[in-house]
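Those sequence lines, one after another, are chains A and B.
Heads up: the first sequence begins at 68 in our numbering, then just goes up one per residue.
Heads up: the second sequence begins at 914 in our numbering, then just goes up one per residue.
Since the hints were derived computationally from the structure, they do not count as laboratory data.
Worth double-checking, as some hints may not be accurate.
Unchecked claim - So the derived label-pair ranges between C-beta atoms look like this:
hint, chain 1, residue 1, chain 2, residue 2, range
1, A, 172, B, 943, 21 to 31 Å
2, B, 1024, A, 117, 34 to 44 Å
3, B, 963, A, 147, 22 to 32 Å
4, A, 243, B, 943, 29 to 39 Å
5, B, 951, A, 99, 22 to 32 Å
6, A, 150, B, 956, 29 to 39 Å
7, B, 1025, A, 121, 29 to 39 Å
8, A, 172, B, 942, 17 to 27 Å
9, A, 74, B, 950, 43 to 53 Å
10, A, 248, B, 956, 29 to 39 Å
11, A, 161, B, 1025, 40 to 50 Å
12, B, 958, A, 128, 14 to 24 Å
Stated by the list, open to error - From the derived model, a few chain A residues whose C-beta atoms are all more than 10 Å from chain B:
hint, residue
13, 105
14, 108
15, 128
16, 132
17, 148
18, 152
19, 159
20, 180
21, 189
22, 194
23, 209
24, 212
25, 217
26, 246
27, 247
Glycine included, C-beta positions come from ideal geometry on N, C-alpha and C.
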Amino acid sequence: MKRQRIQFAAALLLAAATAGLLSQLVLGGNDKVKIGNGSVSALARAAAATDALPESVLTYPFAARNFASKRGEGSRLLHLEGTLRLYAVPGKEGMLCLIEVDDAAATSGGACADRHILLTGSIFMADRQEDGSRLVVGLVGDGHTYAEAEGRRVPVESNAFVLRGVAGSSVSVGSPTAAQTIDLGG
Amino acid sequence: MQLRIRRGRAAAVAVVAGLALGLIPTAGATSYIYWWQRNMTPNGVGYDRVTAHNHSYNELYFGPNAGWSSEVWEVTPAGYRHFDKWCTGNCFNAHPRYYLTYSYCSNRDGSTHFVYDCLDQW
């Protein structure tokens, strides 16, 4: 009788553990919407002279710590809008970097993160402007077609987007069939 | 004899020039690490407010494989905020030396994360 109870308890434990494992592995265990497989086709296109990062960016400590190579080899110019340029750069240990350079403002910035982020969102930067709004620039994986904030939608081109004058604390990125919300914080 | 003196002077000049180039940081920039190898709680803040400087650079470095929200920004002694940038993961902001400021960095993820360092330059 005692043995039967122990067997029953063991069976219950096993069932609970199996259910838990299945919910994590098969059913997701993570409510974040995924788009694409994390690949960035812009990085695979043939290189051009304009893809090289500005020398000033390569001199910052950030470059040595984050880029896969000292010279930022493999970088690609993703977006050019007035004096604003966005680059994607292969990073160390599975990271991918987004670099922004604004010649008129004489500013530059960068964000590097594990490329798995691209499955559920974007590697982004949000810069607070003098009027309190934010300039949001992002790198997204293949499959993303748009970015949107406060009802304004812009297309994703070459795996990048630019949203100006964002007043809220989130933006969304998506494909024709799915959408993801990015919390900008603040 | 004169040739030997000239050579000696040339060598001395070369040594002084070499020392100057090696010891003076590039373009006169001074770097300071103001947060160093510690866990940073959600919204925990690192800062350099010993002396205000005309900053040109601010960086937060979690380490490799970072994927968490971060923020770097600067504040003038009067309390005005400038060069405020939110990022995914490791983050830097380089800009002209417009304002005399203190530097700040923060982990904006919901969990505590190890931050290798936050570094500013002026």
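Hints versus structure:
no.	hint	verdict
1	172(A) <-> 943(B): 21 to 31 Å	23 Å, holds
2	1024(B) <-> 117(A): 34 to 44 Å	39 Å, holds
3	963(B) <-> 147(A): 22 to 32 Å	40 Å, violated
4	243(A) <-> 943(B): 29 to 39 Å	51 Å, violated
5	951(B) <-> 99(A): 22 to 32 Å	29 Å, holds
6	150(A) <-> 956(B): 29 to 39 Å	33 Å, holds
7	1025(B) <-> 121(A): 29 to 39 Å	35 Å, holds
8	172(A) <-> 942(B): 17 to 27 Å	19 Å, holds
9	74(A) <-> 950(B): 43 to 53 Å	51 Å, holds
10	248(A) <-> 956(B): 29 to 39 Å	20 Å, violated
11	161(A) <-> 1025(B): 40 to 50 Å	22 Å, violated
12	958(B) <-> 128(A): 14 to 24 Å	21 Å, holds
13	105	12 Å, holds
14	108	20 Å, holds
15	128	6 Å, violated
16	132	6 Å, violated
17	148	18 Å, holds
18	152	14 Å, holds
19	159	5 Å, violated
20	180	3 Å, violated
21	189	7 Å, violated
22	194	5 Å, violated
23	209	18 Å, holds
24	212	20 Å, holds
25	217	17 Å, holds
26	246	18 Å, holds
27	247	13 Å, holds
When each numbered hint is compared with the structure, violations occur for hints 3, 4, 10, 11, 15, 16, 19, 20, 21 and 22.
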